[in-house]
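Participant: Sequence:
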Amino acid sequence: MTDKFVVMVTCGSRAEARRIARRLVGQRLAACVNVIPAAVESVYRWKGKVEFGKEFLLVVKTSRARFAKLQQEIVRLHSYEVPEILALPIARGSRTYLEWLADSVGRVKKS
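All letters in the sequence shown, in the order written, are residues 306 to 416 by my numbering.
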């Protein structure tokens, strides 16, 4: 198991998705964010009703050390009252990619 995450976030518009992606990478909270350009159809329960909506999916690559700040920034920037923020641990990956990921978000010094 690595100390890296893939984080999934849905957004209400492509513009919002791109804005959040740029901010996360710009602040070194994410090494890379994929913005899925086609809308996904979401079916969900909200305030007691089943709802349908089109959303845009972000696939964010980050480290465990950056996750708390990444989550705070997503909540701050997001238009949803309760944004989807799901972190999935990366069990394995290519050594060179994982090193690049760590370098891109800035290695956090151990105390």
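Incorrect hints may appear among the rest.
Straight-line Cα separation of at most 35 Å, DSBU-like style, residue types lysine-lysine; simulated pairs [claimed, not checked]:
| id | residue 1 | residue 2 |
| --- | --- | --- |
| 1 | K374 | K354 |
| 2 | K374 | K352 |
| 3 | K374 | K359 |
Here are the simulated distance ranges between beta carbons [claimed, not checked]:
| id | residue 1 | residue 2 | range |
| --- | --- | --- | --- |
| 4 | T401 | A320 | 27 to 35 Å |
| 5 | S409 | A343 | 36 to 44 Å |
| 6 | S384 | N339 | 17 to 25 Å |
| 7 | K352 | V380 | 15 to 23 Å |
| 8 | G353 | A396 | 34 to 42 Å |
| 9 | F357 | E404 | 36 to 44 Å |
| 10 | V355 | R327 | 26 to 34 Å |
| 11 | K354 | R400 | 42 to 50 Å |
| 12 | S409 | E346 | 27 to 35 Å |
| 13 | R350 | A396 | 29 to 37 Å |
| 14 | R323 | V355 | 40 to 48 Å |
| 15 | R369 | R327 | 19 to 27 Å |
| 16 | V311 | V380 | 13 to 21 Å |
Keep in mind the hints are simulated off the structure, nothing from the lab.
Cβ atoms here follow ideal geometry from the backbone N, Cα and C, with glycine treated the same way.
Participant: Enumerate the violated hints, using their earlier numbering and listing them in ascending order.
Facilitator: 5 and 14
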